[in-house]
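A.B. asks: All chains, please: the whole structure from these sequences, using the hints.
Going down the list, the sequences are from chains A and B. Under our numbering, think of the first position of the first sequence as 1, with each following residue one higher. Under our numbering, think of the first position of the second sequence as 1, with each following residue one higher.
For the record, the hints were derived by calculation from the structure and aren't laboratory data. Just so you know, these numbers come straight off a predicted model, no measurement behind them. Since no wrong hints were added, every one of them can be taken at face value.
Listed below are several chain A residues computed to face chain B (Cβ distance under 10 angstroms; list not exhaustive):
no.	residue
1	N12
2	G17
3	F20
4	D31
5	T32
6	D40
7	K53
8	L56
9	T58
10	R104
11	N134
12	P136
A virtual CB, placed ideally from N, CA and C, is assigned to each residue, including glycine.
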Amino acid sequence: MQQVFTKAMARNIFLGGAVFFLAIYLLLSYDTWQRIPERDHADKMTPAVLRGKYLLDTNDCIGCHTINGEGAYFAPELGNVYKRRGPEFIKAWIQSQPSGVPGRRQMPNFHFTGNQLDDLVAYLQWLSNIDTNNWPPNIQG
Amino acid sequence: MKYPSQQVAKPYFIAALALFVGQIVFGLIAGLQYLHGTFLFPELPFDVAHMSHTNLLIVWLLMAFMGAAYFIVPEEAQTELYSPRLALVTFWVFLIAAALTIVAYLFVPYAQLAAITGNAALPTMGRGYLEQPLPTKIGIVLVALSLLFNVTMTLIKGRKTSINLILVGSLWGLALLFLPAFYFPHDTVKASFGWWWIVHGWVEGDWELILGALLGFILIKMTGVDREIVEKWLYIIVAMTLISGIIGIGHHYYYTGAPSYWIWLGSIFSALEPIPFILLIVFSFKMLMQRRREHPNKAAMLWALGTPVMAFLGAGLWGFMITLAPAQYYIHGTNFTAAHGHLAFFGAYAMVSLAIISYAMPLLRGRTANSAAAQRWEMAGFWIMVFSMIGITLALTGAGIVTVFLQRAADDPMGFMQAQDKARVFFWVREFAGVAFFIGLLVYLRSFFIAGEYEYADEMKQALAA
Ligand code: HEM
Ligand code: HEM
Ligand SMILES: [Fe+2]
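C.D. replies: Put into structure tokens, the structure is as follows:
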């Protein structure tokens, strides 16, 4: 085996494998890219949705929460929170933070304006309609 | 150490260890906030502790990788580093940028930080591990360019070993894979899809090449095994990494909005991802068996052999448990994922960093190996950290399973916070194991302050007496 299978052959498998699978990945990604707008209803990304998204990003919501299972595991899932709680509850919740209940996990108050709260909810609504192959398993996220 | 310019690795290694301490302190704070939510609130909300913890992890690993590159590349190339001055300047730029960034996290509200650093012009903030404001991200690119220039020029003028080619090539890969951090599409599904190019691309692709190169270098040096054999193994290992890992990225595309074909592709290919880790174990222990010399740095050998074993457990075994689509349907985004993240990051990348530090630091301090007493402290630190990390992993796995059965797979599913409450005992175990880990880290660091070098004479006497 020592002679039959040389270092040069091992290197060629490495380079060939890398190039081959990278090419396949790029093709698949291209296809995925074409299909995503349909699966997440990209046409429904209104200016309000985009403003809401910017607020989620710049307040680091995923530093505590998950969105479609990605982020931190300290606080509930936001991908389906619109369906779980509804718009009015969400706005009231955000405004009433922090709860200050001794020992309970705390969410900061971000001092959003009424318009900003509407934008946030618009984004959360858009999120809740993404086709995620039926994830999460139930409404609790 | 053969070339004086390798000396620039030293500040990188020292800074890496200091940042490691910072990482653990923020981990302990975040872990306590899981149990006592009002701890340090509102001065230090959980998300700030969390991003400080994960960003310090990334920064100290990058510090260690860079130190390793400045140490290994000249020695392998058999020539001085192209520009030690540049490497030193780069070190200070990187350290100061990292420190300023953490200070900014701690003292400036995140939205305000975004506002004053031009995030509106080119949005990049608000993604896991990539929370850094734009100037920091640009700084990272400049630091990477400087490193790449320096090591590539060194490689060009010197001997081109396979280890050096893999190492320098994977450093280029590391830098290229960071570039998508500047591309943050509005479409959340596309953003998530591309975020994994960086995160998965690093830990389950490019960084495994770095890991292989560092381990290969250490084993050649310590065992004296023929370079040809080591390098052939390395090529097979990194080939398996990319063959399984590139399409394996599909295990992040099951439930995040991407098309359903990823369920099959991701499950099949990512199920193969443990293979390179198994090969790494076989390789390391084979090299140990075939060793042609007894290196006096026993501690470095312990790290070098511990790395593939722990990397296999964290990445290979814990990764496998969450990688098949039907299992991940229930586990996705629970603390089970965090369990895997901890053991994999620690077992693979923290440990290989500590391995190269363990091998190189004595040389940088002018000795082949530390005194037996210092090595005993170092090895005690090894065992305490390894077992504490296993404790953290098991605790988080327990917490994840509670979520799976009470919140995800229950007939009458519980709400998130209620299920978290049921997992409290596991979060306590995690926190205690975390404190033990911190003690292990201090014990490890203590070893650096024990003077003197390895005494062959003593060892010889013992061997003769036995
Ligand atoms: C004293 C020990 C430690 C404690 C108490 C601790 C605690 C934590 C906490 C509370 C989180 C946030 C989890 C969440 O998202 O809700 C976290 C995340 C993380 N920590 Fe640690 N940590 C410790 C050590 C380490 C070490 C040694 C490493 C790696 C070498 C590490 C790597 C990570 C990573 C990668 C994440 C993100 C995981 C994910 O999002 O899935 N931690 N840690
Ligand atoms: C040393 C190598 C590895 C490291 C450092 C690592 C680290 C991580 C981290 C930190 C996460 C959480 C990311 C987040 O914040 O959302 C993660 C997720 C994941 N990893 Fe790994 N990983 C490694 C290798 C592997 C391998 C080999 C497999 C498969 C066999 C694997 C399977 C997964 C899966 C399926 C997830 C997603 C879990 C979920 O959906 O919640 N990982 N990994
Ligand atoms: Fe992955």
